[in-house]
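**Student:** Letter by letter, the chains look like this.
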Amino acid sequence: MKVAKHYHGNILIVAAAGELDHHTAAALKGCIQEELGKGMVRHIILDLSGLSFMDSSGLGVLLGRYKELAKWQGNMLAFGLQPLVEKLFLMTGLNKLIPVYANLDSCLKALGV
Amino acid sequence: MEVINYFTISFPASSRNESFARVVVAAFAAQLDPTLEELNEIKTAVSEAVTNAIIHGYRDRCGEVVIACSLRQDNSLEVIVKDTGTGIDNLEQAREPLYTSRPDLERSGMGFTVMEEFMDSVSIQTQPGQGTSVTMTKRISAGEQGGNGKN
Ligand SMILES: Nc1ncnc2c1ncn2[C@@H]1O[C@H](COP(=O)(O)OP(=O)(O)O)[C@@H](O)[C@H]1O
Ligand SMILES: [Mg+2]
Chain R
1 MKVAKHYHGN ILIVAAAGEL DHHTAAALKG CIQEELGKGM VRHIILDLSG LSFMDSSGLG
61 VLLGRYKELA KWQGNMLAFG LQPLVEKLFL MTGLNKLIPV YANLDSCLKA LGV
Chain P
1 MEVINYFTIS FPASSRNESF ARVVVAAFAA QLDPTLEELN EIKTAVSEAV TNAIIHGYRD
61 RCGEVVIACS LRQDNSLEVI VKDTGTGIDN LEQAREPLYT SRPDLERSGM GFTVMEEFMD
121 SVSIQTQPGQ GTSVTMTKRI SAGEQGGNGK N
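So the sequence lines, in the order shown, correspond to chains R and P.
Numbered according to this note's numbering, the first sequence spans residues 1 to 113.
Numbered according to this note's numbering, the second sequence spans residues 1 to 151.
Keep in mind the hints are simulated off the structure, nothing from the lab.
Any given hint might turn out to be false.
As the list claims (entries may be wrong) - Here are some, though not all, of the chain P residues that point toward chain R, as calculated from beta-carbon distances under 8 Å:
1) S15
2) R16
3) E18
4) N40
5) K43
6) T44
7) R59
8) M110
9) G111
10) V114
11) E116
12) E117
13) S121
14) S123
15) I124
16) Q125
Said to hold, decoys possible - Only pairs whose alpha carbons sit at most 20 Å apart, straight line, appear in this in silico EDC-like list of lysine to aspartate or glutamate:
17) R:K5 <-> R:E19
18) R:K29 <-> P:D104
19) R:K87 <-> P:D60
20) R:K71 <-> R:E35
21) R:K71 <-> R:E19
22) R:K87 <-> P:E37
23) R:K67 <-> P:E117
24) R:K29 <-> P:D60
25) R:K87 <-> P:D104
26) R:K2 <-> R:E35
27) R:K96 <-> R:E86
28) R:K71 <-> R:E86
29) R:K29 <-> P:D120
30) R:K67 <-> R:D105
31) R:K96 <-> P:E117
32) R:K87 <-> P:E116
33) R:K2 <-> R:E34
34) R:K5 <-> R:E68
35) R:K38 <-> R:E68
36) R:K96 <-> P:E106
37) R:K5 <-> R:E34
38) R:K87 <-> R:E34
39) R:K2 <-> R:E19
40) R:K38 <-> P:E2
Where is the CB? At the ideal position from N, CA and C, for every residue including glycine.
Just chain R, with the same shape it has in the complex:
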């Protein structure tokens, strides 16, 4: 699991690549929590284009960060889902909490940027 982050204003963009399971979930959690701790993050956009595997442990860690953001009405959005990851989002209804878009531009547009 490789995690990269950058900002677009106060929007944190997190690119998670590789395999997101129970073993690697802590790395993604740690990375996002570190940024949330700085108190400047308004919304989060997940770039999952490099994510080749995810299971329900991945769902858990994403849901956890979603709940953190919801404390200040922040939104979490995602783009670039590979078919397996998209299937998991749809099957579990995660896409109702973390809406899925085609690319970064449409995520930014959805946030009114």
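Starting from the known structure of chain R, arrange chain P with the ligands on it as the hints suggest.
**Tutor:** Okay, now just chain P with the ligands, sitting in the frame of chain R:
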């Protein structure tokens, strides 16, 4: 149904083995000429069962996970994931979507739901204090379409 091939492995209940376990089963299942989608579904289901054995069965302590896999004449795969950990007290509740006994670990409670969705059948034998064994089967369609390793 006649078994045409099989293997058994055991490994320590360590999270580092989760990816190893799903890759091994996927490599074995490749003999059935599955589609990439089918392979991914098998990998995900195995990952769920193995993770459960490690986190819930052994509570992240020492233990051994066993995987027994077989291929059947009807182009189906059977995977058994077994632990000798805590066992499950209330199986009906455990299988419910969103139920988790460990919300403190940010579990989603969707593991069994994912296994059921991605495999054709999932049956669970469990005994509190003795352990849990999850048996999953999946029929691979690709072979029927005359794929036989050529695509
Ligand atoms: N191998 C196991 N040993 C003991 N308990 C288990 C095992 N597998 C599942 N469980 C129980 O079933 C519940 C539901 O499992 P699951 O659907 O995978 O959700 P999660 O792993 O997110 O908790 C777990 O929270 C746990 O209480
Ligand atoms: Mg689970």
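**Student:** K5 (chain R) and E68 (chain R): Cα distance at most 20 Å?
**Tutor:** Between K5 (chain R) and E68 (chain R) the Cα gap is close to 18 Å, so the pair holds against 20 Å.
**Student:** Is the interface hint for I124 (chain P) satisfied, with its Cβ closer than 8 Å to some Cβ of chain R?
**Tutor:** Nearest chain R Cβ about 16 Å off; hint violated.
**Student:** CA of K96 (chain R) to CA of E106 (chain P), is that 20 Å or under?
**Tutor:** Roughly 19 Å separates the two Cα atoms, so the pair holds.
**Student:** At a threshold of 8 Å, is the proposed contact between S15 (chain P) and chain R supported by beta-carbon distances?
**Tutor:** At 4 Å from the nearest chain R Cβ, S15 (chain P) passes the 8 Å test, so the hint holds.
**Student:** Check the hint pairing K29 (chain R) with D60 (chain P) against an upper bound of 20 Å on the C-alpha distance.
**Tutor:** Given pair K29 (chain R), D60 (chain P) holds - Cα atoms ~19 Å apart, limit 20 Å.
**Student:** Are the Cα positions of K29 (chain R) and D104 (chain P) separated by 20 Å at most?
**Tutor:** This hinted pair holds, its Cα atoms lying about 14 Å apart.
**Student:** Is the shortest C-beta separation between E116 (chain P) and chain R less than 8 Å?
**Tutor:** Given a least distance of 10 Å, the restraint on E116 (chain P) is violated.
**Student:** Less than 8 Å between beta-carbons is the criterion; does T44 (chain P) satisfy it with respect to chain R?
**Tutor:** Check passed: Cβ of T44 (chain P) comes within 5 Å of chain R, closer than 8 Å.
**Student:** Just to be careful, I want the Cα atoms of K71 (chain R) and E86 (chain R) compared with a cutoff of 20 Å; is the pair within it?
**Tutor:** 26 Å, violated
**Student:** Under the criterion that the straight-line Cα-Cα distance not exceed 20 Å, is the pair K67 (chain R), D105 (chain R) satisfied?
**Tutor:** Violated, because 24 Å separates the two Cα atoms, which is more than 20 Å.
**Student:** Can you verify the interface hint for R59 (chain P): is its Cβ closer than 8 Å to any Cβ in chain R?
**Tutor:** 13 Å, violated
**Student:** Should the interface hint for G111 (chain P) be scored as holding, given a Cβ-Cβ cut-off of 8 Å against chain R?
**Tutor:** Hint holds; G111 (chain P) Cβ to chain R Cβ min 5 Å, cut 8 Å.
The structure fails to meet hints 7, 11, 13, 14, 15, 16, 19, 21, 23, 25, 28, 29, 30, 38 and 40 from the earlier list, while all remaining hints are met.
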